[in-house]
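Enquirer: Here's the letter readout for the chains.
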Amino acid sequence: MEVTLRHIAELIGGTIVGNDQILIKGINSLHVAEEGEISFLADPRLKDQIKATKASAVIVKELTSLYQRPQLIVPDPHLAYARVATIFAPPVPRFPGISEKAVIEEGTHIGEEVSIYPFVYVGRESVIGNKVILFPGVYVGDKVTVGDESVICPNVTIMPECIIGKKVIIHAGTVIGSDGFGYARDGDISVKIPQTGIVQIEDEVEIGANNTIDRAALGKTLIQKGVKTDNLVQIGHNVVVGENTIIVAQVGIAGSTNIGKGVVIGPQVGVTDHIEIGDRVMVAGKSGVAKSIPSGEVVSGIPTMPHRLWLKTRGHIRRLPEYSERLKGLESRVKELEEVLKKE
Amino acid sequence: MEVTLRHIAELIGGTIVGNDQILIKGINSLHVAEEGEISFLADPRLKDQIKATKASAVIVKELTSLYQRPQLIVPDPHLAYARVATIFAPPVPRFPGISEKAVIEEGTHIGEEVSIYPFVYVGRESVIGNKVILFPGVYVGDKVTVGDESVICPNVTIMPECIIGKKVIIHAGTVIGSDGFGYARDGDISVKIPQTGIVQIEDEVEIGANNTIDRAALGKTLIQKGVKTDNLVQIGHNVVVGENTIIVAQVGIAGSTNIGKGVVIGPQVGVTDHIEIGDRVMVAGKSGVAKSIPSGEVVSGIPTMPHRLWLKTRGHIRRLPEYSERLKGLESRVKELEEVLKKE
Amino acid sequence: MEVTLRHIAELIGGTIVGNDQILIKGINSLHVAEEGEISFLADPRLKDQIKATKASAVIVKELTSLYQRPQLIVPDPHLAYARVATIFAPPVPRFPGISEKAVIEEGTHIGEEVSIYPFVYVGRESVIGNKVILFPGVYVGDKVTVGDESVICPNVTIMPECIIGKKVIIHAGTVIGSDGFGYARDGDISVKIPQTGIVQIEDEVEIGANNTIDRAALGKTLIQKGVKTDNLVQIGHNVVVGENTIIVAQVGIAGSTNIGKGVVIGPQVGVTDHIEIGDRVMVAGKSGVAKSIPSGEVVSGIPTMPHRLWLKTRGHIRRLPEYSERLKGLESRVKELEEVLKKE
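Protein chains in written order, with our numbering: chain A, 658 to 1001; chain B, 658 to 1001; chain C, 658 to 1001.
If you're looking for bench data, these hints aren't it; they were derived computationally from the structure. The reader is advised that the hints may include incorrect statements.
For chains that are exact copies, the list does not tell them apart, and a pair is met inside one copy or across any two.
To be verified - Quick list of in silico lysine-lysine cross-link-like pairs, DSBU-like style, CA-CA up to 30 Å: (1) Lys-800 with Lys-882; (2) Lys-985 with Lys-823; (3) Lys-824 with Lys-708; (4) Lys-969 with Lys-824; (5) Lys-682 with Lys-824; (6) Lys-788 with Lys-800; (7) Lys-918 with Lys-682; (8) Lys-800 with Lys-704; (9) Lys-823 with Lys-999; (10) Lys-985 with Lys-800.
Since this is a predicted model, take the numbers as computed values, not measurements.
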């Protein structure tokens, strides 16, 4: 597919300086873009690459004299890259219709223009929306709803009664609606507490690969609109994740915790159960969140502290052997002083 | 389903104060329970909710004047909740018999009343017990045994020769019996050590979603009776996990380590290889266990220390910048004192 | 299968002391080996076990008087164990040919002597090499290449266009080529950046169970020859992992980071994005790598420091409460001294 630079500008906005009729066939990084591709300067540190790029046009924040071919000037080149890349991205592959090697149980409602690959299982009374894609190995339990235009990647498991919104993407191997980890102790024995709630995932959520999102004990585990999770994320029963929150890889969120809106949780973070994380909180990677955090805070560490404090603190940890020596030295010097004074 | 309060008391024990003939149709939390449901006060901090609940009866530890309808008095309301919820829990869905879209290889023994869904593969010479449920996408390798009444959720992989006990639940996406991570170095090259052992999972174990439990190099990796693991747990080759131990999400246990009975390992803990964790040890979340721990200890931290010490210690970490300043201040004051005394 | 001790020595090298014609039927640890099996002393701490072993022969580094039957003397008994175990390891099970219950789309090229189990899906224009094994539940997207003699375990997902080399093993549940975690922010909204690159896995790589290796945003995520990853490992988009590097369980490597050759990354380590880890670096378990590390270094901690420094440092952390007391004590003693001197 080739489009004019003018066409790109019409789709994503921005001002063209130079020939707006050149044809563009793709987008690539500055150092690998070829003739016929457009590139972009999202990170000012890469400015030098703009001189040497072979790209036929570049997307920039400000007109630059380092590059002589057409430039598309936009307020946010990184966002523009996302939008232009979407123009050129290959479409998601689609099986034409419903494979006769899929199993669709009775009482289901299957929408129009769906793509259901071989080896998909859809349980009784489930509802599959229009244009949904179910890749091979997907299991959809009884009474599940999958909203319009959602894409469920290979080998995903959606347990019974869960609700998936519209335009949701669930990457391969993820499990939605497995039992929450709930037991009551009877002496040494763990007595299972039936997990009779559900998972609800709202519209435009994207869930990474090999995630596990547990169904509620009672009620629901809720992933609100626009949330994005990376790979290998664990979300416990009855957790609520607020709108547009971002959860990076290998994070674990324990049961009944409420995560606010627009929160960013870095990789390998653990968040304890039954706490409240306010809106727009940021948690640095590898932190351990042991108590509630008010809106807007930025935290780090195990347990977490304000990120600014952590930045000051972490350098001191490695100096502990030195501090210990200095403390010991001071003690003997003070003892000596005390003895001198006692004698006088 | 509706049962009388009397019927519930007969099943789980306890004393009824009030009308024991009222009909109960379900169980729910205090603040969401509706007319016709029973609720429970497991956490005394929620006592205020008991005043406002719409539940038709409550399970309590002690008779309370905050609530005027029937009360069921039991020693442990949380355990009672687990038991009552089991009465009302919907049954696990069952495929009627063996799907003709499953593949059962030759030489297998399949028990009675099994439920084998489409797209299940059962290898040669495997034994599937009575009332076992194998959900879609389950792979059972050659010479595997699955005991009576076990439930294997969708897309679980059980590699050849592994032994699964009775009444075991394995949640979706989990891998049992993948090769242990064993190599010998030949210069720069890692030479694979064949992993010829197995995994044995004893009765009444529950394994979470997307776990990985590796087969032994030689001998077996052993998960003993009543163990419960949460999601995304990694158990290395030749590990032994003792009876009734609880392993929370995203824990990793390295090869050949022995975990005792009744141990509780918090989320995101790492346990190193070739060590012994005694019975009833508790390890707080995110800890790094680098050496053996005697029975009954409670530990935290990286590396672990007694939990009481960690509670005292962790607050000091954030004060390191302050301590560093105070140390520096002391040094200059002592130096001054020394100079004053030298002069005298 | 039984082979003579001579035959073993011919295959793996080494010098036999004793009868080289004895027949060996397997290999096992010293304390469990039986008559007819060979064992090995790889860890000198187990020397005492050699006295009591029932093994018919042992592999040792030096001739020992603790054992009276034939000994095979080799420079590296652990490596010899790997090699001998390979002789006796059962062959990987193979489905004879291509199951008629697999789906192979049009335009694929399938090599000779492949083993394609039921419920395998192979997309259009994919190339499956000679002697490849695809276990049940494997999804191979369009335009994927799988090299000769590779083994893809059950329920593995390989997304479109990815390239898998020769003699690669991918364990169950792993996802290759899911979308990288890339968004541009448009106000509160995360706009998805299409992930149009691929994953390339070179020859003789082994990937553990339930890994997630993301496709590049542009270009490729590259796992070079001989790399071995343990279970539940996360590798972000555009990462490069150098030859023969070893990545232990539950490690996460963030996007665009370059890992050198012969690196060893311990369990539960996190490595941040866009950094360089030099050749032969070793990172201890649970570390957080926040900046680039030069070749050959050994590091630990969050954030990482030289491992030797960490060994000195970690013991001090638990002494912080004591240090705090000592600091306070010194301050009051110094104050007293100052007052005494002031008076004089």
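Enquirer: So, for every hint listed, does it hold in this structure?
Expert: Comparing the hints with the structure gives:
1. Lys-800 with Lys-882: within (21 Å within a copy, 33 Å between copies)
2. Lys-985 with Lys-823: neither (65 Å within a copy, 60 Å between copies)
3. Lys-824 with Lys-708: neither (40 Å within a copy, 42 Å between copies)
4. Lys-969 with Lys-824: Cα proximity of Lys-969 and Lys-824: none, with 43 Å in one copy and 49 Å across.
5. Lys-682 with Lys-824: within (27 Å within a copy, 37 Å between copies)
6. Lys-788 with Lys-800: both (19 Å within a copy, 23 Å between copies)
7. Lys-918 with Lys-682: The answer is neither: 37 Å in one copy and 36 Å across copies each exceed 30 Å.
8. Lys-800 with Lys-704: Cα proximity of Lys-800 and Lys-704: none, with 54 Å in one copy and 35 Å across.
9. Lys-823 with Lys-999: neither (82 Å within a copy, 78 Å between copies)
10. Lys-985 with Lys-800: Answer is neither: 69 Å inside a copy and 65 Å across each miss the 30 Å cutoff.
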